Amino acid sequence: MIPDLVLAVAEETGGGPDVGKILGQFAQYGVVGLIVVLLIVGVIVPKYVMNALTAEKDNWRTAFEAERAAHQVTREQLIAAQASVDTANEQGRTMVQLLEKLGHRTQPTGSV
Numbered sequence: 003m004i005p006d007l008v009l010a011v012a013e014e015t016g017g018g019p020d021v022g023k024i025l026g027q028f029a030q031y032g033v034v035g036l037i038v039v040l041l042i043v044g045v046i047v048p049k050y051v052m053n054a055l056t057a058e059k060d061n062w063r064t065a066f067e068a069e070r071a072a073h074q075v076t077r078e079q080l081i082a083a084q085a086s087v088d089t090a091n092e093q094g095r096t097m098v099q100l101l102e103k104l105g106h107r108t109q110p111t112g113s114v
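Read in order, the letters of the sequence shown correspond to residues 3 to 114 in our numbering.
Misleading hints may appear alongside valid ones.
[Unchecked claim] Beta-carbon label-pair distances, calculated as ranges:
| # | residue 1 | residue 2 | range |
| --- | --- | --- | --- |
| 1 | Val51 | Ala90 | 52 to 62 angstroms |
| 2 | Ala57 | Gln30 | 48 to 58 angstroms |
| 3 | Glu67 | Gly44 | 24 to 34 angstroms |
| 4 | Arg77 | Thr111 | 27 to 37 angstroms |
| 5 | Leu36 | Ala68 | 35 to 45 angstroms |
| 6 | Leu55 | Gln79 | 31 to 41 angstroms |
None of these hints come from the bench; they were simulated from the model. Note that the coordinates shown come from a computational prediction; the quantities given were computed from them, not determined experimentally. Ideal placement from N, C-alpha and C gives every residue a C-beta, glycine not left out.
With the hints as extra help, turn the sequences into a complete structure.
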């Protein structure tokens, strides 16, 4: 029934369908027409669609939380690695100073 209605309205207007006339056609059916229009527009959705959207939202939220937790673990590991590097650098500087005090000369390397 609806495709015939759209085609009839489109033929009357001589081009594309006129939304006002389509809504007028549905309005003559009263509350049932209003419900059909709201379903077509998407204001009213069936329960199974709403349940699917809610489940999808929950799945995305769970994935986001898991990803955020994984990134937090990565950040903590990077902080620990940086602390380890800082400690190694300080130990190296201390070793160089100790060797210089013992009379060893540092040798220049080819790196900049």
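Taking the hints in turn, this is what the structure says about them:
{"no.": "1", "hint": "Val51 with Ala90: 52 to 62 angstroms", "in the structure": "holds (58 angstroms)"}
{"no.": "2", "hint": "Ala57 with Gln30: 48 to 58 angstroms", "in the structure": "violated (38 angstroms)"}
{"no.": "3", "hint": "Glu67 with Gly44: 24 to 34 angstroms", "in the structure": "holds (29 angstroms)"}
{"no.": "4", "hint": "Arg77 with Thr111: 27 to 37 angstroms", "in the structure": "holds (34 angstroms)"}
{"no.": "5", "hint": "Leu36 with Ala68: 35 to 45 angstroms", "in the structure": "holds (43 angstroms)"}
{"no.": "6", "hint": "Leu55 with Gln79: 31 to 41 angstroms", "in the structure": "holds (37 angstroms)"}
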